[in-house]
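We have chain A; now place chain B onto it with these hints.
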Amino acid sequence: MGRIPRSYLINRLITLLLTIWIAATLIWIIPRLSPVDPADIMLGRMAAGAGSVANADEMLAQLRASFGLDQPLIVQYFKYLGNILTFDFGLSTASFPTEVSSLIMRALPWTLGLMILSLIITFVIGNLLGALMVWEHSPKLAKVAIPAAMVFTSIPPILSGLLLMWIFAAKLQWFPLTGAYGLTVEPGWTWDFVQSVIWHGTLPAVSIVIVTFGFWALGMRGLMITVQGEDYVTLAKAKGLKNRYILYRYMIRNAILPQITAFALKIGLLIAGQVLVERIFAYNGMGKLLYDAILDQDFPVIQGISYVIILMTALSVFLVDLIYPFIDPRIKHEGS
Amino acid sequence: MTDKPVLTLKDLSIEFPTPKGVVEAVKALDLTINPGVRVGFIGESGSGKTTTALAVMRMLANPGRIAGGEIMLGDTDMRALDEEGIRKARLSRVAYIPQGAMNSLNPVMRIEDQLWDAITAHEGTTDPAELKRRSDEALSSVGLPDHVGRLYPHELSGGMKQRVCIALGVILTPELIIADEPTSALDVVTQRQVMHTLQEVQKKIGSGLILIGHDMGLMAQSVDELAVLKNGVLVEHGTVKQIIEAPKHPYTQDLISSVPLVGGDSFLDPSGKTPSNRAGAEPLMEFRDVTKRYGQVTAVHPMSFQLDGEVPKIISIVGQSGSGKSTMGSLMLGFNPPTEGQVLFEGQDISKMSAAQSLEFRKNVQAVFQDPYGCFNPFYRVDHALKFPFKQFGLAKSEAHTQQAMEEACDAVGLDPSLILRRYPHQLSGGQRQRLIVARALMLSPKLLIADEPVSMVDASLRATILKNIYDLKDRYGISILYITHDLATAYHVSDYVMVLYHGRVVEAGPPKEVIGDPHHPYTRLLIDSIPWPDLNRDWGTPEEADRAIHMLDTGQVGTESIFRGDVPGFSLKVA
Chain A
238 MGRIPRSYLI NRLITLLLTI WIAATLIWII PRLSPVDPAD IMLGRMAAGA
288 GSVANADEML AQLRASFGLD QPLIVQYFKY LGNILTFDFG LSTASFPTEV
338 SSLIMRALPW TLGLMILSLI ITFVIGNLLG ALMVWEHSPK LAKVAIPAAM
388 VFTSIPPILS GLLLMWIFAA KLQWFPLTGA YGLTVEPGWT WDFVQSVIWH
438 GTLPAVSIVI VTFGFWALGM RGLMITVQGE DYVTLAKAKG LKNRYILYRY
488 MIRNAILPQI TAFALKIGLL IAGQVLVERI FAYNGMGKLL YDAILDQDFP
538 VIQGISYVII LMTALSVFLV DLIYPFIDPR IKHEGS
Chain B
3 MTDKPVLTLK DLSIEFPTPK GVVEAVKALD LTINPGVRVG FIGESGSGKT
53 TTALAVMRML ANPGRIAGGE IMLGDTDMRA LDEEGIRKAR LSRVAYIPQG
103 AMNSLNPVMR IEDQLWDAIT AHEGTTDPAE LKRRSDEALS SVGLPDHVGR
153 LYPHELSGGM KQRVCIALGV ILTPELIIAD EPTSALDVVT QRQVMHTLQE
203 VQKKIGSGLI LIGHDMGLMA QSVDELAVLK NGVLVEHGTV KQIIEAPKHP
253 YTQDLISSVP LVGGDSFLDP SGKTPSNRAG AEPLMEFRDV TKRYGQVTAV
303 HPMSFQLDGE VPKIISIVGQ SGSGKSTMGS LMLGFNPPTE GQVLFEGQDI
353 SKMSAAQSLE FRKNVQAVFQ DPYGCFNPFY RVDHALKFPF KQFGLAKSEA
403 HTQQAMEEAC DAVGLDPSLI LRRYPHQLSG GQRQRLIVAR ALMLSPKLLI
453 ADEPVSMVDA SLRATILKNI YDLKDRYGIS ILYITHDLAT AYHVSDYVMV
503 LYHGRVVEAG PPKEVIGDPH HPYTRLLIDS IPWPDLNRDW GTPEEADRAI
553 HMLDTGQVGT ESIFRGDVPG FSLKVA
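Just so you know, the protein sequences line up as chains A and B, in that order.
In this text, residue positions in the first sequence follow my numbering: the first is 238, and each later residue adds one.
In this text, residue positions in the second sequence follow my numbering: the first is 3, and each later residue adds one.
If you're looking for bench data, these hints aren't it; they were derived computationally from the structure.
From the three backbone atoms N, C-alpha and C, an ideal C-beta is built for every residue, glycine too.
Just to be clear, a hint being listed does not mean it is correct.
[Said to hold, decoys possible] Label-pair distances were calculated between CB atoms; the ranges are:
1. P19(B) to K377(A): 41 to 47 Å
2. T128(B) to A499(A): 56 to 62 Å
3. S47(B) to G459(A): 26 to 32 Å
4. L263(A) to P391(B): 38 to 44 Å
The following block holds chain A by itself, in its conformation from the complex (with noise of 0.2 Å):
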């Protein structure tokens, strides 16, 4: 406990850049491997325009050249390897020439904001749900509603969404059907904007919640089986401790450790998204730029996108790794 010591944060933040590295330079070979052409492809979607283009073979060069494929391959790397620093991952294929950093500067707060409070919510839910399948002192009701309601996590996402849609969207008109914010608001830091984000943002964020709740409930289910079995949840008893300050403090304290690690490799994953829910609400997030780009065969977003999940993941890792000690005492941060 205490100060986290220097030579640990140094050996922290060595693995977190060798991680970065690794991940970025295997996303960097992936692509390469491929015997797709960026910008073959860019051609071959202007010929099906145009029906033809003339001197195919300079336009090819040229874009060649804008992608920077006319190098050798090492130059490449190095350039890539700056390039990723100041987050500039090239020209997006797709809508050339616009930069594949501001297409998801673009998409990023969007899903940000709807995935990183719908999993805090589903967290809250699912472990205290999960929680309480197992305490022996549960209302009867929950012991019988909660294993009916883990029903909805085999829904798969396309088809609550569709459902929560169709209800409170198409038949009680209570949520817009689709988009992030309404046609009519501009966007900006004013009520009316934010009151419309929430409107629109309320049925992503309940398909999602319904369909992962369940993940956690089932983790808690089987780490607080496992606490309630410990000694120090009888000696708590024995003490005349209340129910719910034994529930609190003593089992669920103890059973959430390990679904906080789970939590921090999620956030990362969350970037790409729900990419069927915002499909589905056409939610201009990054699951909808993910599965655009994938369509499209648009390499540098893939790319781009690619790195920062990895770049979430291996952060909040490393966030965890730091406050660890403080959540769990008998964890030490090497080195103290």
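Coordinates of chain B only, in the frame set by chain A:
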């Protein structure tokens, strides 16, 4: 002090309904406990002692239920209380010190928080200064300094954790304390200190005490009355003097005679024709100037020994927790490389073996560990644990051969193969599992067996049997054994040579008759004095004496020299 009993059990019956029918765990139990009196509940696992205690706490695990009878705590009918009433009675009127104090404290809360939440739950006090005063007082009553309150459980030793549990037990001055095998996980020296602490605080608050256990020696040194339970029936109850001097029930007699004593008759019966398993120029196991350090701590100080193994021997390594004895075991098994020096098996440095040599080494050196529960994969039937290594090491000629080998090994340890082999680990008792582990080792016909506290987790009544099984490995199968233990009485009986370890140094070594029968080193004496014996006239000493002895040893005022008490052929030991 009134003479009104603190606890009256009348015709108490406890049942566990199972799919196969109702199991009567406790049958028509009658017992009264008066204030200030210490009562021992003794019996083997499954005799109903813990079940009775939990029924008093109203903490029976599902599906257990009280089928009939009365539980009166003073004037309070515990069976008539509602849930809130039961909660309030716990700790403030009847405190429970659970078995396995190693894990009884919440790992993520500071010690003092765990004392405070108890006070707050019963008295509603939340004033930090008052809570701090009360927790410091409770900790100092069990001999722990104030700063312990700021620590987390993992920062305490086993003995300290057990003291914290005792501090917790007396913090609200209950009428009755129930201590469920409070010292079963501790070594003898710590056990004696913790038992003294428990007795002291119990006397101070004048409460009744129920001490649950299976060690007749410990009972003789700790309680006033004894209640002997067998299969849920109270078979004998009386003062400890009556019961130890003139036990009436045969089961009680068994319990008393099962305690191994230093001196006296051995429970072993040597065959007199010990075979030799090997002939070779190289010693079987050798330490060459071995040192083991973990960071700043030296677990094993420079030491050399040679066990030539031509005639099988049992070498005992004895000492308390932290003495370095288990480290020596893991060095010999090659789980852990020495910091300096070499560990050699038949002349081969075990850290430099080729893959083939390493496999041969694994077959030749087998181990029996302390915890017979953790050694089986719960997923497989137990015969898998026996079969798998046998086939893995290429010993099996055919299925029939494997089956025959398993049956022979089971017979050798006194288990009926037809009853045991097709079962799952959870269907067997701790004693049965430990004997299977011995059988498993035997099947591989090893040259050396490392037995690390093989009997400390099994019932006292079974210890002799399992030790006999292990002794037979030497006596009938020619296997040399390193027996690692804190129990000097058993080491006295089974071994040919004893090394006493203290903080990683050999302090005394030689044949058991000399070292244990007539100890010269103050540390060996301390260990022997700490053993509880079923002898009421014996003075178990005071904790001050023990503390003083340890202090003198630690400050180097006494016992800085290793004492060698004679040699046995085939084994030599040298310390730097």
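Evaluated hints:
1. P19(B) to K377(A): 41 to 47 Å: 21 Å, violated
2. T128(B) to A499(A): 56 to 62 Å: Taking Cβ atoms as reference, T128(B) and A499(A) lie about 35 Å apart, which means the hint is violated.
3. S47(B) to G459(A): 26 to 32 Å: 28 Å, holds
4. L263(A) to P391(B): 38 to 44 Å: Roughly 41 Å apart at Cβ, these two residues keep to the hinted range, so it holds.
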